[in-house]
Amino acid sequence: MLKLGVFELTDCGGCALNILFLYDKLFDLLKFYEIKEFHMASSFKEHDHLDVAIVTGTVSSQRDLEVLKHARNYSNYLIALGTCATHGSVQGAVEGKIRDKLEKVYGTRANPMRALDSKPVVEYVAVDFALPGCPYDKMELYQLLIDLAKGIEPVKKDYPVCIECKLNEYECVLVKKGVPCLGPITLGGCNAVCIRSGLGCIGCRGPLPKEANPTSEFEILKELGYDEEYIRKKFKTFARGELRW
Amino acid sequence: MIILRYVKLPSENFEEFFNSLKRWGTVYAPVKQGNIYAFKRVDTLGEVSLNYTRTMLPPKKFFVRPKDTLLKLKNGRWEEIREVKKIVLFGVHSCDIHGLQILDKVYLNDPVDPYYKARRENTIIIGISCMPDEYCFCKSLGTHFAMHGFDLFLHELPDGWLVRVGSVKGHEIAWVNESLFEDVTEEDLKHFKEFEEKRSASFKKHLNKEGLADMLDLAFDSPVWKRYERICLGCGNCNMVCPTCRCYEVCDYWINAYEAVRVRRYDSCFMETHGLVAGGHNFRPTRLDRFRHRYYCKSYFDPSAGFNCVGCGRCDEFCPAKIEHVKVLDEVREALK
Ligand code: SF4
Ligand code: SF4
Ligand code: SF4
Ligand code: SF4
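If you're matching them up, the sequences are chains D and H in order. For the first sequence, the working numbering begins at 9 and goes up steadily by one. For the second sequence, the working numbering begins at 148 and goes up steadily by one.
These are computed hints drawn from the structure, not numbers from a lab. Just so you know, these numbers come straight off a predicted model, no measurement behind them. Heads up, the beta-carbon is just placed ideally off N, CA and C, and yes, glycines get one too. Where hints are given, some of them may not hold.
Unchecked claim - If we take Cβ atoms under 10 Å as the criterion, some of the chain D residues that face chain H in the derived model are:
#1 75
#2 85
#3 151
#4 159
#5 171
#6 173
#7 177
#8 182
#9 183
#10 223
#11 225
#12 233
Please put together the full structure from these sequences, using the hints given.
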């Protein structure tokens with residue numbers, strides 16, 4: 009049996025909950041894993057060595073940082089799960105220094121909760137696997153955990169959302185309807201769910217690593233009549249300043 | 148070799164003929180879905196878009212499926228999944244028939260792809276005539292007319308269809324439906340010719356095929372590729388919609404703790420790992436390499452065997468960056484002067 013821990017930093021809670029949404033599939037995982045810590049599933053907690061640690065959320069406070077360091081130091085394999093952990097997501101997109109933000113919201117620069125500027129897990133520690141998505145596709149986590157349990161090297165996706173969009177034969181909303189779709193520059197793996205509903209991809213899985221061409225996407229959206237500020241915000245929503253052009 | 152036979156299908160018998168096709172298999176035909184066309188299962192002639200331009204995914208999808216489960220891991224052993232159904236593809240354009248013949252060369256030559264072969268053998272292909280739109284350039288490549296690769300081919304006439312019979316199966320279908328057909332008259336042939344002439348004059352896009360392979364030989368370092376590298380998103384849409392793209396990826400997925408499936412899906416040479424080989428070497432490491440590669444794959448690798456492009460225009464229609472296949476090749480040629 010492998011020992012598994014699930015740790016939550018600052019996030020909406022959806023990514024940790026999504027693991028439980030595997031429902032009966034969760035029992036497949038329990039054939040290989042013993043859960044040593046997962047506060048949404050059990051009050052049981054055993055602070056000891058872990059084979060696999062899953063961390064969701066951004067580092068947004070001193071407490072988060074300590075939890076993350078613990079997870080990293082006590083585990084062999086660390087998975088950054090969800091876009092908060094891999095890219096910073098929405099809270100990571102908020103610009104400015106923490107003291108200024110505190111002043112703006114609370115009227116004082118005091119920081120009793122020891123908040124930090126929100127940053128993804130990957131900025132603080134080395135991770136063995138980064139699985140983005142807001143939320144991630146739970147079946148992707150399922151595949152990953154069984155692969156690890158069987159000693160199979162998990163394969164990282166290398167393609168944008170467009171590939172899965174075409175594999176499903178969805179009408180291209182960017183080309184055919186002028187909907188601002190970030191599919192061409194966003195890492196695939198979601199099976200193009202948004203396009204399935206006729207919506208444009210909002211980039212929740214973060215940019216296609218190394219390969220995204222935001223400059224061209226920016227020009228395409230501008231050509232369609234969207235203003236620069238709108239596009240800039242769209243690019244920033246999940247990926248902080250990663251998409252530069 | 149099949150001796151071509153021409154018969155006429157008058158308009159009033161068209162629907163009955165269409166319905167008779169069901170006895171040969173499940174009928175799939177182009178159907179409008181939003182702003183695109185797709186080959187879908189149809190029950191009535193009314194559902195079919197006879198005047199469609201092109202489907203987003205070519206008929207390739209019936210033989211090499213976008214996602215295809217090939218094997219299942221059960222009790223520690225791989226079991227083959229190979230169900231084949233009889234189908235009728237109704238309304239295939241000439242360029243797509245040529246596209247399938249290019250695929251045949253790859254999938255039916257040694258080593259034969261058994262999945263492809265079985266599906267190909269169980270499919271009836273009924274071609275239909277078409278008018279080009281702004282994306283078509285099949286005429287430049289000689290793929291605007293199919294001499295074989297179909298069972299029946301329907302050419303639009305003012306009062307029905309001129310039907311070319313192209314295979315033994317086609318003869319069989321024509322024979323069983325004998326009462327629906329008439330003999331072709333001089334006037335029908337005149338109308339057929341008029342249609343073809345009008346069609347021929349309607350092409351707006353032309354590819355200069357002259358010495359294309361030699362030209363590409365010299366143009367490997369053309370600045371044009373570099374310019375397009377900046378515009379291309381590397382999204383792979385052009386590959387996914389292409390009737391002649393042949394690359395696929397094979398992946399395993401767990402379906403429970405002990406059972407898995409092996410799935411193959413279309414792949415695209417615009418993906419970074421497409422050129423990655425053992426040892427970590429990547430022979431197409433940059434987007435420039437990959438952008439250029441597609442043009443070489445389509446027009447260069449073995450021009451003696453024909454180009455790997457049938458001029459269907461899909462890559463242009465579905466490129467979010469509006470990159471135009473013919474324009475790129477023209478610019479590359481121009482830059483050599
Ligand atoms: S709808 Fe979006 S994701 Fe789908 S092909 Fe078009 S640009 Fe790509
Ligand atoms: S390269 Fe473009 S025009 Fe040529 S066959 Fe492929 S999709 Fe059609
Ligand atoms: S290498 Fe590229 S262009 Fe050639 S068949 Fe494969 S995907 Fe298509
Ligand atoms: S569809 Fe256009 S932008 Fe996308 S990879 Fe092909 S050429 Fe590049």
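* To do: Go through the numbered hints given earlier and state which of them the structure violates, listing their numbers in rising order.
  => Hints 1, 2, 4 and 12 are the ones this structure does not satisfy, whereas the remaining hints hold.
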